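Student: One-letter residues, chain by chain:
Protein chains: 2
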Amino acid sequence: MTHSTDAWEGLARQLRADSIRATTAAGSGHPTSSMSAADLAAVLLADHLHADWANPHDLDNDRLILSKGHASPLLYAMFKAARVVSDEELLTLRKRGSRLEGHPTPRLPWVDVATGSLGQGLPAAVGMALAARLGERDLRVWVLLGDGEMAEGSIYEAFELAGYYGLRQIIAVIDANRLGQRGPTMVQWELERYADRARAFGWNALVIDGHDRGAIHRAFSDAEASDRPVCVVARTRKGAGVSFLEDKEGWHGRPLPEADARRALAELGNPAGDVRITPPAPRHRTPAPGPAAAAPFSPPTYAVGAEVATREAFGDALRALGDARPDVVALDGEVGNSTYTERFGKKHPARFFEMFIAEQQMVSAAVGMQVFGLVPFAATFAAFLSRAYDQIRMAAVSRAGICLSGSHAGASIGEDGPSQMALEDLAMMRAVHGSTVLYPSSGNCTAALVKEMAEGSGIRYLRTTRGKTPEIYQPGEPFPLGGSKVIRRSGRDQVAVLAAGITLHEALSAHEALARSGIAVRVVDLYSVKPIDAATVETCARECQGGLLVAEDHWPEGGLGDAVAEVFAGRPAPALVRLAVRDMPHSGTPAELLDDAGISARCIADAVRRMVGGGAGRGAGAEAVTVR
Amino acid sequence: MTHSTDAWEGLARQLRADSIRATTAAGSGHPTSSMSAADLAAVLLADHLHADWANPHDLDNDRLILSKGHASPLLYAMFKAARVVSDEELLTLRKRGSRLEGHPTPRLPWVDVATGSLGQGLPAAVGMALAARLGERDLRVWVLLGDGEMAEGSIYEAFELAGYYGLRQIIAVIDANRLGQRGPTMVQWELERYADRARAFGWNALVIDGHDRGAIHRAFSDAEASDRPVCVVARTRKGAGVSFLEDKEGWHGRPLPEADARRALAELGNPAGDVRITPPAPRHRTPAPGPAAAAPFSPPTYAVGAEVATREAFGDALRALGDARPDVVALDGEVGNSTYTERFGKKHPARFFEMFIAEQQMVSAAVGMQVFGLVPFAATFAAFLSRAYDQIRMAAVSRAGICLSGSHAGASIGEDGPSQMALEDLAMMRAVHGSTVLYPSSGNCTAALVKEMAEGSGIRYLRTTRGKTPEIYQPGEPFPLGGSKVIRRSGRDQVAVLAAGITLHEALSAHEALARSGIAVRVVDLYSVKPIDAATVETCARECQGGLLVAEDHWPEGGLGDAVAEVFAGRPAPALVRLAVRDMPHSGTPAELLDDAGISARCIADAVRRMVGGGAGRGAGAEAVTVR
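Taken in sequence, the protein lines are chains U and P. Start counting the first sequence at 280; every next residue gets the next number (the numbering used here). Start counting the second sequence at 280; every next residue gets the next number (the numbering used here).
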């Protein structure tokens with residue numbers, strides 16, 4: 280049973296009025312972008328969005344993503360109409376302490392993912408739909424898009440993947456009000472062009488009048504019955520409902536001054552503001568799952584001295600994690616035979632999602648999946664995670680928990696050249712709020728860290744290496760987040776060499792060469808780049824009077840060297856020599872490129888010799904002690 | 280006059296053979312991805328790519344972009360056939376010191392832009408086509424794409440913008456060999472689907488047999504006569520020409536072992552390798568321009584104490600720069616009324632390019648434009664430049680010179696909330712090879728830096744502030760790259776407060792408050808974050824025994840604090856207190872958010888008091904001296 284046309288109209292008026300009231304009270308915000316979609320929102324809320332509003336995290340609820348996040352006043356007005364936000368709270372919009380932020384965030388439990396960086400709502404919906412399908416939940420994921428954001432490439436990645444996977448759960452509604460922030464969109468009201476695009480990606484699509492509530496209802500009903508994703512292109516007018524705002528330029532992101540607001544509310548009939556609707560209940564109740572057949576994590580193990588690439592150990596550990604935990608899923612950027620996620624995929628095909636060469640979509644899908652309690656691991660070359668940096672940034676704003684793995688880090692990949700080398704990924708990932716950044720040097724370390732990642736929170740990043748490295752740890756050795764390993768230590772270490780990943784092995788070779796010259800150095804594996812093991816770094820600084828040396832296969836900015844320097848914030852700091860990649864690498868063998876970059880064993884040893892005053896150090900002939 | 284079908288066939292055989300020979304000699308690389316496109320490349324090189332190969336930087340040359348950069352052996356084989364690379368050099372592929380890198384870079388003068396991160400060739404072509412149109416050059420921009428990269432959203436941004444601007448210069452050729460790295464593409468050989476997509480964006484499109492050289496010739500001829508951009512979808516077979524490679528999985532990125540290579544070359548008829556073709560000359564000679572009517576740069580000026588937002592000063596300075604320099608162009612991400620690039624656009628409409636909400640396309644277009652000697656300034660909210668980080672990274676690999684401006688930096692934007700706040704942009708931009716990172720605090724500083732940017736090289740980034748700040752510098756004050764300004768100094772400064780942008784003004788307020796308590800602090804404007812003014816930072820450390828304090832509207836990682844710490848690399852460093860944004864900001868007023876983040880004047884003053892031991896400092900009552 281549906282609401283009456285009168286009910287829809289009353290609700291739409293109220294949504295418009297509340298959008299105006301809230302933004303005028305706030306003194307900023309986007310009333311007109313809210314008003315264009317008010318009829319769409321009214322019909323959706325009243326009769327199509329099946330949800331138990333008292334239980335926002337009920338996974339049988341339909342999901343609603345306001346991809347055009349600047350229309351947050353409309354969303355909050357919907358929440359009020361659904362009786363979960365009071366009128367009083369509505370008027371706290373954009374004020375300090377309010378849950379009603381300028382753009383929606385999951386501080387409100389009815390918001391699954393933060394929006395406000397355009398073009399990210401639909402890609403997140405792809406992840407939600409895949410998760411719903413995996414969980415056999417009969418729900419729809421409604422995405423309200425602006426037409427301006429249809430210029431974002433990420434939208435077409437979502438069109439493509441949703442079409443490929445036949446995600447009938449997704450209903451995308453484009454609020455085509457023709458006007459962007461600074462003027463008309465490219466397409467304006469030639470709306471069949473949007474529909475043609477959607478169809479070209481395998482969607483159903485139709486164009487409607489976005490202010491004809493009956494037409495909206497019919498379109499939404501048809502969409503709910505579709506066997507493929509549906510794009511409803513709605514012709515709307517920005518500021519619709521108020522004559523002096525409708526389809527006018529110059530009103531984007533402007534609240535109405537008080538007098539204008541009064542006029543506008545009068546035009547809307549001064550709605551009483553007390554419309555409260557009873558939205559439809561969830562379509563289906565998924566039976567609670569039986570107790571999960573959790574198995575212990577049985578990681579791959581490597582004998583000390585055996586050679587394995589950490590990217591391969593990642594793939595094997597991920598597969599093992601999938602054996603142990605049914606909530607772990609994997610996403611691939613069409614390089615699963617390089618990152619070895621294919622080993623997870625072969626073992627757990629239902630939980631493996633090929634995202635093809637669409638890194639933005641891959642990350643957004645992971646964000647969508649974690650809404651459903653899944654623990655997604657998304658992997659590609661580390662260099663190509665830079666393609667999704669905005670999505671990763673927004674994942675942090677979404678308070679999302681996702682695991683990312685980037686392979687082929689650094690100049691040490693060799694012949695493929697700089698386009699394939701991640702040399703900025705540590706900087707990029709460290710500068711994500713609440714992130715964890717890990718960089719293992721061996722197979723056993725990698726396997727342990729993969730388990731730690733699954734048990735962590737926030738954005739967790741694992742950097743792996745293309746080439747094989749020898750195992751230096753025993754199987755089962757623990758690698759807690761925020762820890763480190765002192766691998767070489769003596770009572771008379773002059774310098775501490777701090778390294779991670781590929782350069783740790785260079786540091787160990789340098790240690791040997793230096794020992795032959797009588798120079799004792801400590802070697803520390805800083806596998807946890809963020810959080811860093813500050814206590815151990817401080818101990819090194821205290822005990823190694825010649826200073827600290829960091830060697831990293833990364834640009835000098837933002838990586839391991841900066842992480843070590845931050846340990847000493849607020850206090851005088853010891854000398855810290857920073858070996859990093861300073862010139863644009865070319866093609867060459869890994870060994871050549873490490874040496875060209877000044878981060879090879881030879882370069883580390885030379886730098887240590889300079890630190891200790893040239894030539895042989897004190898106490899020549901003493902043996903280094905291996906400490907584990 | 281065109282080459283004969285026999286000539287095409289001979290050339291195609293040679294291109295295939297050379298792709299095999301070079302990769303087998305290298306021991307790595309992508310022969311089969313090269314072979315699928317060999318017929319397309321042969322016909323293109325022989326009869327359609329109008330270029331003076333002896334003058335690769337001749338701007339009347341057609342451009343060729345190998346968007347599928349991993350097929351570099353094919354490109355290098357084309358260069359050999361065009362007589363600009365010797366067979367001897369061809370066989371240096373992927374070796375240290377060779378110009379023939381694993382993926383193409385502009386170390387070879389016939390390569391305009393680096394490729395290897397997929398989906399970036401076509402967006403760069405949009406910039407080239409716009410530049411060619413601006414320069415009234417009759418040329419075509421040929422882009423050879425892989426079908427795997429058709430999953431990248433950046434491709435559709437380019438489809439959209441090229442369609443919108445009617446860029447008939449662009450001819451995109453999709454080498455649809457059906458197989459990606461790890462398996463089939465989404466579309467495989469249902470190639471009308473690609474054509475439908477291109478048409479939905481306003482392109483002409485056709486599907487051909489990519490091994491039928493006559494059909495290729497006809498398609499290319501038609502494309503050259505089209506009045507809109509054209510997409511030629513070519514059905515090909517990976518490894519085409521060699522029976523045991525054709526359309527086989529498992530050969531991506533694998534060179535042929537010697538014996539297989541011999542068999543393959545035999546199947547190809549053991550081409551002599553001496554085919555050299557004479558490509559068609561440029562279509563048209565653009566007359567050399569007369570002497571440019573260069574005018575002096577007449578920047579906007581602001582009286583000391585006047586309030587202006589640096590984003591607005593940027594817009595006015597850019598307009599003025601456009602008055603002075605005809606090579607300056609501007610690109611907007613549909614926020615030109617926020618970044619004020621619209622002021623450039625109103626004055627110089629022909630040199631203003633609206634890229635709509637497609638940040639990846641905006642950056643790639645800038646990269647394409649600079650190939651034509653233009654000096655592009657691309658601007659959007661700083662937060663949204665993160666959307667194009669891979670493109671910025673690749674711009675550095677391209678040795679491109681582009682200017683980027685990001686507005687609305689930091690928590691100080693206020694009510695819009697964290698999705699709109701750039702809090703990682705300094706980290707991101709510092710970790711770009713050869714970058715320049717600038718962060719002005721006032722209008723006159725901004726104007727001076729805009730001019731410096733235009734005269735600089737590499738990736739130049741300007742961070743601007745949403746809110747108004749008071750002018751603290753005289754008009755005409757110089758702001759060299761790598762410089763700084765000591766704004767407050769006395770002979771007895773206990774602490775140096777290092778700031779930039781919005782926090783500089785907080786630092787000045789803190790200075791006043793501290794002076795009232797008898798604590799003298801130095802205040803330094805580090806407007807040049809990279810390169811940083813190391814000498815001044817060192818002087819501060821030497822003269823201010825209480826240490827250094829950095830306050831920045833940015834996450835703690837990778838920003839100004841890290842830049843200051845790096846000054847002391849290799850030496851003991853002074854105490855450096857780092858005030859930065861550590862919790863996820865919410866909505867609120869700018870003043871509230873600066874204070875919540877711990878970077879307001881109050882917080883700076885409190886931190887200084889803690890540094891100097893609490894309470895009033897030494898020499899209470901002394902006056903601070905303003906030094907300019």
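The set of hints was computed from the structure by calculation and includes no laboratory data. Given the structure is predicted, the values throughout are model-derived calculations rather than measurements. Careful: at least some of the hints might be erroneous.
If several chains are the same, the list does not tell them apart, and a pair holds so long as it fits within one copy or across any two.
[As the list claims (entries may be wrong)] Derived lysine-lysine pairs resembling PhoX-like cross-links, with alpha carbons at most 25 Å apart:
id : residue 1 : residue 2
1  : K374      : K626
2  : K625      : K374
3  : K625      : K730
4  : K527      : K625
5  : K747      : K527
6  : K374      : K527
7  : K747      : K374
8  : K747      : K626
9  : K527      : K730
10 : K730      : K374
11 : K626      : K527
12 : K625      : K747
13 : K730      : K626
Student: Identify every previously stated hint that the structure contradicts and give their numbers, smallest first.
Tutor: Of the numbered hints given earlier, those the structure breaks are 1, 2, 5, 6, 9, 10, listed in rising order.
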